[in-house]
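Chain B: place on chain A using the hints.
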Amino acid sequence: GAVVSQHPSRVICKSGTSVKIECRSLDFQATTMFWYRQFPKQSLMLMATSNEGSKATYEQGVEKDKFLINHASLTLSTLTVTSAHPEDSSFYICSAYQPGGISSPLHFGNGTRLTVT
Amino acid sequence: TQLLEQSPQFLSIQEGENLTVYCNSSSVFSSLQWYRQEPGEGPVLLVTVVTGGEVKKLKRLTFQFGDARKDSSLHITAAQTGDTGLYLCAGAYRGGTSYGKLTFGQGTILTVHP
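So the sequences go chain by chain: A and B. The opening residue of the first sequence carries number 1 in the working numbering; numbering runs sequentially from there. The opening residue of the second sequence carries number 1 in the working numbering; numbering runs sequentially from there.
Isolated chain A, as found in the complex (with noise of 0.2 Å):
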């Protein structure tokens, strides 16, 4: 079946860095990624939209400055948490979308655990 790949799992960054996460369809093409944000024992909150080869589309409240999106090709986009302080710690989502109908399903990623000291 198909396959997202997010990467890393967990990672750990000082404040005051940046933090690349990576989104990969492996075995289908996706025009359209999604990230979402999810908080301790919540939903998931959608960032943005990723659209391969042009701009992402960011939901209200997020700062597009901050969460860098790039989606160069067909089976990766990436998200980068840029100056990262402790209040971007959170589980980052991807989810992928796979063309073929209304019922198709999104294939999420396993998510990235952030933590920012």
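Read the hints as simulated data drawn from the structure, not as lab findings. A few of these clues could be false.
Which bits of chain A does chain B cover? Going by a derived footprint, with three or more residues having C-beta under 8 Å, they are [what the hints assert, rightly or not]:
no.	segment
1	11 to 20
2	108 to 116
No more than 25 Å apart at the CA atoms, straight line, and that leaves these computed lysine to any residue pairs for SDA-like [what the hints assert, rightly or not]:
no.	chain 1	residue 1	chain 2	residue 2
3	B	K59	B	Y22
4	A	K41	B	L86
5	A	K41	B	V112
6	A	K20	A	T75
7	A	K41	B	A78
8	A	K41	B	L61
9	A	K41	B	G52
10	A	K41	B	T81
11	A	K20	B	G40
12	A	K41	B	H113
13	A	K41	B	Q106
14	B	K56	B	V112
15	A	K41	B	V55
16	B	K70	A	L46
17	B	K57	B	N24
18	A	K64	B	T103
19	A	K55	A	P99
20	B	K57	B	P8
21	B	K59	B	L3
22	B	K70	B	H113
23	A	K64	B	Y93
24	A	K41	B	F10
25	B	K57	B	V112
26	A	K41	B	S7
Glycine residues also receive a C-beta, built at the ideal position from the N, C-alpha and C atoms.
Relative to the frame of chain A, chain B by itself:
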């Protein structure tokens, strides 16, 4: 803006009991999906419902999509400790330019005690 109200947010039951989780919206969704998520992992798709009035069964789990495609329910029969987890409903809105964009409910944390 499409909103999905999911309830209850927390559910703590004994093994063997039945339970139902609800998702309601004022918007019509083209499809609705149910996910289960374990701590530290991504959500895993349980089912997708597309047709109004549709009922799908997955072993002890029964999923229903409302006739008007605005609401859905997940019913678990004879819950087991392995059912413990975060359950998420998510609606797909077929509009705009982004297929696959989901609106998630708030989630239901289910704890099944032995």
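Item checked: Those earlier numbered hints the structure runs against, lowest number first -> 1, 9, 15, 21, 22
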